[in-house]
Structure formats: structure tokens, C-alpha cells
Amino acid sequence: MPEPKVDVTADVGGAPELPSLTPITTVQPVDLVRADGGVPLTGRAARQGRLGVGGILAISWLFLITALALLAPVLPLDDPNESIASIARQPPGTDGHILGGDGLGRDILSRIIWGGRASLLIGTMSVLLGLILGGLLGLIAGYFRGRWDNVLTGGFDVLLSFPQLILALTLVTVFASGAGTSYGQRMSVLILALGVVSIPVLGRITRANTLSWCQREFVMATRALGAKQREIMFKEVLPNVLPAMFSIALLGVAVVIVAEGGLSLLGVGTPLPTPSWGNMIAEGRSDLRTAPWIVIAPTVVIFFTVFALNYLGDVVRARFDVRESAL
Amino acid sequence: MILSRRRVAPVASDYHQPGSRLLDVNDLKTYFRTPRGMVRAVDGVSFSLDRGRTLGLVGESGCGKSVLSRSIMGLLPSTAERTGEIIFGSERLDTLGPEALRDYWGTQMAMVFQDPMTSLNPVMRIGNQITESLLVHTDMDKNQAKETALALLKSVHIPEAERRLKQYPHELSGGMRQRVVIAVALACGPQLLFADEPTTALDVTVQAQILDLLSEQQRERHMAVVLVSHDLGVVAGRTHDIAVMYAGQIVEQAPTEVLFSEVRMPYTEALLRSVPRLENTSHTRLAVIGGRPPDLIDPPTGCRFAARCPYVQPRCLEEQPPLQEADTPGHVFRCWYPVGTEAGKEALERNLAAQLPQAEAAVSGDLAVEAS
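Protein chains in written order, with the working numbering: chain R, 1 to 327; chain E, 1 to 372.
Isolated chain E, as found in the complex (with noise of 0.2 Å):
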């Protein structure tokens, strides 16, 4: 595949060594059986990702965000059938079982939950959930997984440690939990860490922390984050690379920067469109993008997004677009009709003329301009 080839652009920072790739993952399949029939949940997605670095997976609900992670991480149910290529460091992660797999987990990679409310067990403590994975899987004694435990609590910031560790979940408030269950996650110093929507059961206000104390850990493990979130106002400031996931599959994916200032695919512009601003007048309507994704089970035979896409062509409909490069190195996407080309603008300029209802709607409003 195209995006397992390439190397990843390199943005400006300080941490980034060439040559040290984490993860590979290659046509990467994850289906489910249903009674209904197969949920291609994930449908052929390739990317890579090197030490240190944060890639942002976006995309709205169902479109297989959190199944890729799991998938890479291989904590799936027994439903689930897993196709494609997982290398991690030098080691082949998809032929492992799920015994062999144990020795990764937590040590060499680790997960984030959305719900702090569920994702700590609420009659253990504190201290307890956090040494556990420590006695488990280092020679620490008692004593010396104490420590730790207690100087994790202190580096994600959380007063009071000493009191923390012997206090119960449901003492603590939602922001709080999360702070352990990244101390939970982080306890033996995983390369990888998965963060599945960290912050979307939190309070705005306690989000920007969240987010703030994931990417200051990440700095000073030098640890790889894959930061999985519906909003993309949540991963522009906090990641080297985005990939935006519909359907499916990855459908644009760039170097967070130019993303937002090239964007080539319709969806990626769509969900750009769709984030609230400040700028607006109040009661503004909000940008939406009609229609749903498409069924999972029986995905339509062109281009996935086609019908809701303002650009739609009777090709799209017919082939499905490949991953191709766009100008700046490390930018795919898929789209036979991209944003910002004349092709693009001849298509949306025929479905106006058509009055087609989604591409009268992705120009009305002041956001117009954007899209010609």
C-alpha cells in the first residue's frame, strides 16, 4: 500500500529521530460476523507511525476509529476477524495469539478509555489499580510499586498523592479519574500509547488539562500516541500527523499543518466546515453533513462517501478512489474530484447547476468561500 511506503513528512520537531519506525500496519481488515452479515468495521487501512510521534484519528462515530485501535492492539471479541499486517518495532504483532500478546500489553503498549466513570475498577483502590500491572509485569516488590505508583500519581498531577492512593474511584471527580487511568496506562512505560477519545466524557474545561498532560508525557517518554477523537478542534494543536477515517478506511491523511490548510478530500472539508466558530454571529447555524455513513455490512462500490459528498460525480458512484499523493510529501488522500483542484471545482460547479441538495447547502452559509 502507498501510506506503508512513504515516510512521513518531516514537520519541525525536536524529538523526531529518522529511521526509529514504531509501528507498521498494512492493509489492515477487521471485520465482524453478524447475524445480518460481515461489518467491515475496518476496511484496509495502512499507515505507519515512528517513536515519539502523535498521529490524530479522526472521523465520526462508527467509522472505526476505536476498532482500529483495539485492532492493533488485538483486544477484540471473538467475532471479530483480523486480516493484514501489524509490525511493531521488528516483531509481527497479527500472528501473535492473544497469550503472547499479554507480554505487550501494558509494557510495550498501552490504552487510554473514553469513560474514566467505567474504566477503574470501583471497589479497588487507587494505589492498588496502579501497582497491579507493576507487580505483574516487572520484579518491583510491594514496597517498590508503592513508589512508583505514587510518583506516577504525582507526574500526572494529582494532589495529594499520598492520600489518592488509598482512596476509591468514586471519590474522585471525572477529570481526577482520568489523571489515574493514564497512570494506570502508563505504569510500565509503554513505547505505544492508544488514547480513545481521553476526553470526550469530560468537561471542556478539563479536556485542554487532559490533552495537555498526554502530550507532556508523551515528550518526556518519547512515547508514540495514536489520539483517537471525533473533534478535530481536539487533535489540530496536539499531533505531528492527522488521519481522517470514514467508513472504514483512512480517506486523507496529512501532516496536521497541511490538513488544515490543504485539504483535498470532501469529508475532510466537511468535518472542517462543521466545527462551531467563534467568529460567527450568535445562532449561526451549524454546519452539518447530511445523511449517515454508509452501511458497514454492504459498502457502496465507489467512492464511500459519494452520497453525501457535494462533489459527486456519476464516477464516484461507479470507482472507488485510491489513496493517492497529493503535492506535499506524506499528504494521500481519496478523491477523484479533490478539494481545491480545477476538476473539484467543475464537479461542485455542475451539481450547483444541477441543484443538488448537499452541494446547495455546502455553499450557502459564509463558509462559501472555502469550498470554491
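One chain only, chain R, in its complex shape (with noise of 0.2 Å):
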């Protein structure tokens, strides 16, 4: 997972190691280009840290594709599973098949709202099982400092240094591919995968910050009024820092469904028949000059998650940057 990564260092990893110039970054004049270097994707909007129009628009889609998924089962659909020889790689619109049929006749649409359940299912609980222990590592980390600091950072280092998409394909391997690995089996492994795999973006992140609200005063004088080490890491050290937690979570959302259909094309995604976005992907890829649409379907959907989950990150950490240094 590349992505969060650089954010790691550019933007809220930088500004923690020197916490007294942080009102440098408050009065940020709107056009002023990222300190990461790069041409915002996102309007101005997110930069202040507003929801704006994209931010509505961004919202709305993950809620909708949220409750398509969640309905599915209820929702007049065909099933995702049935082959129909007459759609076979027909187009969008064929026989009221609105997205047409795969190799296989099977609707398209139907599969790909199934298919957000998986891919949403993988994408979420395999962050936050990230963000919990990710975040507690951190935590750990940044709090006592010193010797666990040192074991801690070194062994997300060590997780970091791994090619990610093939630590997880190994996993993946090792644990859940043979002959009688169950669909449960095989998701809880991909799960795990994932999240062994985001645990040290988010818990370095969770570190750097740490580290940095640990300087202020109010944890010293928390301290100093007799609250015990437990008390002050979780009531005074962790609210300050889980927008910064938040903000790298909804970005490793969507690198992670994007990473389960990498997975998928390796072939060690979610097991077929079920389907997922991105073993839509990979099924699909054999028609792609006969039949694009196919492939093309479930990559939008992608691509309008993903997309609307940056954004809401940047909100995020647009709004965490004016909390912190607005002291």
C-alpha cells in the first residue's frame, strides 16, 4: 500500500516532529500548492476542510453502494450465480439486463451488487482490525518511547520492507488455499492478510503522532494531577490523534479493495463462484477485446469508490491540520 505511505511523511508525519511551528500551517492561503508537492486532486472544499459538493457527492455514493450491498439479498435482483446462454457477453441493455452479461450469462449488475459485499466486507474490517492494532502499537509506541518504541517501529519497518500485495498473496497461500478451505476460511485469512498488511501504515502514523501530542503539556500536567499511564493514553493522548488515524484509514479502505482485486487476479482473492470486485476484474479479462464492458462495469465502480474515499480523507486531514495548530 504505497498510497497512504507517502502521506505518512509528507503531510501528517511532517508536521508532528516540530509541534511549535504547527501555526505555520494554519493560515494555509487556499491556492498554495500541497507540501507533498502534488496538484490537489480535490477542490478547494476539502482543502479547508468542508464537506462541499464533492464531499456530499462522496458520501452519497458509499452510502449508496453500502446499502445496495446490504439489500441485496432483498432487492428484485437476478440471481448473482445463474447462468442465462442468452446474455452471455451481450452488452448493457440486452433483455433488460441493465449491465449486461458476463462470459458466463450471469448479470452483471446483480454480481456487481453482490460483489460489494465482499469487496466492501474485505476492505472494511481488514482496516479497522489495522486501526486497532495498528493504532495500539502506535500508541504504544509513541507513549513510553524508548525500547518499545525501538521493537515496535522495527517491526513495522520489517512488514513495510515486504512487497505488500505478495506478503498477503503468501499468507493467503500458505493458509487458505487448498482444497478444502471454506469461503469463511478463505475471507477471514484475506481479511487478516490485508490487515497485517495496513497495520504498520497506520500504526507508524499513529506513532508519529503520538510522539508529537505526547509534547504537549496537557499530557505532562494530566500527569502531574496523579492519572495513571492507561488513563492518559486512551482519555488524553488517543482522541487527539484518531482524525489523523481516521483520515489514513478511509485512504487504506480503498487501497485495500483495490488490493483485493490484485489478489483476485493472482487468483487468491474471494473464491469463486462468490463474487467481488475485483474477481470480476479477473474473470473478465479473458473477453476484454470481445466484451470490455465486463471488465469496464465493476473497474467504474471501483474507481468512484476509491475516489470518493480519498476525498473524505482529505477532508479529514484537512480538518485535523486546522485542529491541531487552531490550539
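By construction, these hints were calculated from the structure, which means they are not laboratory data. A few of these clues could be false.
[As the list claims (entries may be wrong)] A short, non-exhaustive set of chain E residues, derived as facing chain R with CB atoms under 7 Å:
| id | residue |
| --- | --- |
| 1 | GLY106 |
| 2 | MET111 |
| 3 | SER119 |
| 4 | ASN121 |
| 5 | VAL123 |
| 6 | SER133 |
| 7 | TYR168 |
| 8 | PHE260 |
Please read these numbers as outputs of a predicted model, since none were measured by experiment. We put the beta carbon where it would ideally sit given N, CA and C, even for glycine.
Hints given; two lone chains; assemble the complex.
In C-alpha cells, the structure reads:
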């Protein structure tokens, strides 16, 4: 997952090193080029931490696909696994099948909606895992520093130094690709594998922010009032670090959804015939010349989802920057 | 050490009960391990403090004032090494670990920090920040704690206290925030309060209000206060005693009025001279103390102020002066050629004859009278 890592060093991770200088980011002019040098993909509203039209669209999109995925069993959809020979490789609109049929004659719309269940489940659950474990470890590393920090940061670096798709691929191959692997087993291992991959990313961002927040006098002040370490960590430091964690977690969900697609292409994603956006692309690529819509439909859905998640991540981060400096 | 044995001079004060010693510090040393070597931030400090009294701790940046107060509380980072005796009431604090010290923090001793902008948690309501320690240290339930918080906010003169309980720190001004910080520190009724430059980050007009508030609370609660400041003006009217620190040591300590009228230590004199005066004509150059404090990793063998001292003599560079008693009881200083004595006068004259730059700087300007 290279995307969030860049953000760690360039934006959120850079500022905490110099907590006293944060006011510089406060009065950031609207047209200022972003610190990471990239032209902002998203609009003015996102940079100011407002939702704006883009944000509302992004939330609406995410809400829509989530609702559809959750309601899939009760929606009047074709069975996503039923093959209808007459619509195999047929373009959108054939016989009332809005998005057409795939190589085996299954309704693409239905598969996309059902596929959202697998993709979103893997995306959110693995990032949640990374958020809890990485967040906890990062909090410990940043709060206690010293030996804990060395060991944990070393661990994060080791995890990060593996090519992440390969790491996930290895984990799934070793633990969930045997003949007797059930659907649930494969999904759990997938979530676990992608979660492990997101631990160091979230761990590092949490550690960096914890380090900077622990420099604040209120942490020392709370200690001087006799609060326990645990209370200081979870009641004083954590709430301040959450926005940064959350911003990276949103980006993480997007990255994991794409990564699941990558694993599907390699044959270790969501097990067939259960659809996911990733394995729909993987299956459809053999028909790319003759029936491109089989691949285009899930690709467009992934694109909008990733875009929406990134946009919201930016909004959260912009808000968080303001909050940190406007104290 | 001399200081610990002596009684604090009986300055007129109705709330001073003789014999009610609260804090005794003996030969306290706090060293920090750094890659370059040991930094001797506090190097052999001894003093004592009675209940209800205020001690001003003065010195320039980096002389160990804050580290001293944090050493006494036990709020040091893990790179610090502390030796010496700290006796609080009748208990030895220096032998206690952080877990045992937690029982003292907040309830027995508390600290007000320098910057009210950062010493409150930005994502926690004011009310919760005050009740937090009440709920930890006392048997109060939530409602009682809230009532107490309200009373505390009122006692530190925060208007519309009821509404403030629900507000976040960013909704308050700097002065208001410092009042809240004081209320938080006072919540569990500590007997000893460290105020670590409580007004440095504040507007001058607000400074006086906050200091008055601290004095008022101290009187009402019969609390001992250690007021740390780099500003002699701040501590002048609000302390019973003043200890001047330089390079990790106390170089002069005296009851406040005595210190101002009978300066002995050249460093204190230089500090006094550097306070701007209203009666000076405009554009009068501010008096500065030339040079910098010595490196605390490798402090000079002789007097630590020698390199910057107008009275410096060969002996000062070789032998460290001990803390010695002055004429007034309770007044101690560290100097071989003290200000206001024959020895000091002759030393200064010798240095002037030798055209020593810091001696010439000290006598130039209309404040030269004081120096001779």
C-alpha cells in the first residue's frame, strides 16, 4: 500500500516533528501547493476541511453502494450465480439486463451489487483490524518511547519492507488455498492478510501523532495530577490522534479494495463463484477484446469508491490539520 | 548543607506558623544523560519551604528552575538521574517510585504549567478536565464533582462558570485558560503548588491578574507555592523568599525585601540591573548580562558566574565559593567578592583598572552607583 505511506511522511507525519511550528500550517493560503508537491486532486472545499459538493457526492456514493450491498438479498435482482446462456457476453441493455451479462451469462448488475458485499467487507474489516492493532501498537510506541518504540518501529519497518501484495499473497496461499478451504475461512484469511499489511501504515501514523501530542503540556499536566498511564493514553492522547488515524484509515479502505482486486487477478482473492469487484475484473479480462463492459463495470465502481474514500480522507485530514494548529 | 539547617527568617506574615515545615530539599542533583555527556541541570540544590509560604525561583533560561521543580515532583523523563533528599511533610519522596508518587500528585502537590494554550486537552470539555482528577482521587460521585468544579471555576473568577463547564479550551482566551489550569491544579487541594512560569505566555495586563489570583488562592488555602520565573519583577511583590539560580545551583537566597536591599551575589545584581526602569529616559539601552551561562555538561571549576562577572578575580576561576551566610539571617550567597563589601569594591576597581569589558559595562550608565 504505497499511497498512505507517502501521506505519512509528507503531510501528517511531517508536522508532528515540530509541534511548536504548527501555526505555519494554520494560515495556509487557499492556492498554496500541497506540501507533498502534488496538485490537489480534490477541490478547494476539501483543502479547507469542508465537505462541499464533492464531499456530499462522495458520501452519497459510499452510502449508496453500502446500502445496495447490504440490501442485496431483498432487492429484485437476478441470482448473481445463475447462468443465462442468452445474455453471455451481451452488451448492457440486452433483455432488460441493465449492465449486460458476463462470460458465463450472469447478470453483471447483480454481480456488482453482490460483489460489493465481499469487497466492502474485506476493505472495512481489514482496515479496522489494522486500525485497532496498528493504532494500539503505534500508541504504545509513541507514548512509552525508548525500547518499546525501537522494537515496534522495527517491526513496522520489517512489515513495510515486504512487497505488500506478495506478503498478502503468501499468507493467503499458505493458510487458505488448500482443497478443503471453505468460503468463510478464505475470507477470514484474506481480511487477516490485508489487515496485517495495513498495520504498519496505521501504526506509524499513530506513533508519529502520539509523539507530537505527548509533547504537549497537558499530557504532563494530567500526569502531574496523578492520572494513570492507561488513562493518559486512552483519554488524553488517543482522542487527539484519532482524526489522523481515521484519515489514513479511509485511504486504507480504498487501497485494500484495490489490493483485493490484485489478489483476485493472482487467483487468491474472494473465492469464485462468489462475486467481488476484484474477481469480476479478473474473470472478465479474457473477454476484454470482445466484451469490454464485463471489466469496465466493476472498474468504474471501484474507481468511484476509491475516489470517494480518498476525497473524504482529505477532508478529514484538512480538518485535523486546522484543529491541531488552532489550539 | 547550610540551607537545610537554617530557619527561614521570620518576615512579618500572619499566616506563617513557625515549625510547620512542608518541604525540605537536600543536595538535590538532577543529571540528564545525553550523547555528549551528563548535563548537570540541577547540581546540588538545598532549600526548605514552610506551609503557607511562597518561594520565588529566579534565573535565566536554562539555569535549572523548571527542572528543579519537576525533580521535586518526580516528573522527570527516563534519561534523568536524580540524587539527594526530598522530604515532604514527614515522608521521603526521593525514594518513591512513580506509582507511589501518584498518590501525592494532584492531592499533595500540583503544578501550573507555563503555556495555557497547550496545558489543557483540546478535545475535552473544561468541566471534564476539572472533574477528572476529582473522580480519581476523591470519593465524589459525578454530580458532586461537577458541583465542585463549578465552585472552583467561580473561585478563580471565571464569569459564567456554568456555561464554561461545557466549553472546550479553544473557546476561552489565554488568561481564562490559565485560570482554568489553576482551577484544575487546585481541584484536589494540594498543599504545595509549583507555578512554572505561569504568566510567561500571557499578556502583561493579564499577568498581574493571574499572579493576584495565585496569591489569593495561596492565602485562602494556606498552601505553599514555588513560583518559578525568569522575571524578578514578577516575583518581587508576591514572594516571601527568593532563590536565585544560576547554572543549576542556588547562588543567592534571601527573604524578598532583604534580597532587593542587600544584594551580595554579582549575578543577582546583574539581574536587577537588567530590569528596565520606568524612570529611565526613553531609548536608554537595556542593561544586559554579556555572555552565556556555562556549559552544564562541563561546568567551570571555579565560580560558575566567573566568566561573566564584573568582579571576577583569579580565585573565582579556581575555587568554587560555598554558600555562606550574610549579615541578615536567612540570607545566603555564593561569592568570594560579594557586592557591597570592601572585597567586592576592590575587586571591581582592579578590574576597571585592567579594563575588563564586563566591569566597564557594569559601571557605565546611571546604574553604576549601585555597583560601587
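Okay, the hints, checked on the actual structure:
1. GLY106: OK, holds: GLY106 (chain E) within 7 Å of chain R, min 4 Å.
2. MET111: With a closest approach of 5 Å, the MET111 (chain E) hint holds.
3. SER119: Hint holds; SER119 (chain E) Cβ to chain R Cβ min 4 Å, cut 7 Å.
4. ASN121: This interface hint holds because 5 Å falls under the 7 Å limit.
5. VAL123: holds, 5 Å
6. SER133: SER133 (chain E) check passes; min Cβ-Cβ to chain R is 4 Å, inside 7 Å.
7. TYR168: violated, 10 Å
8. PHE260: violated, 32 Å
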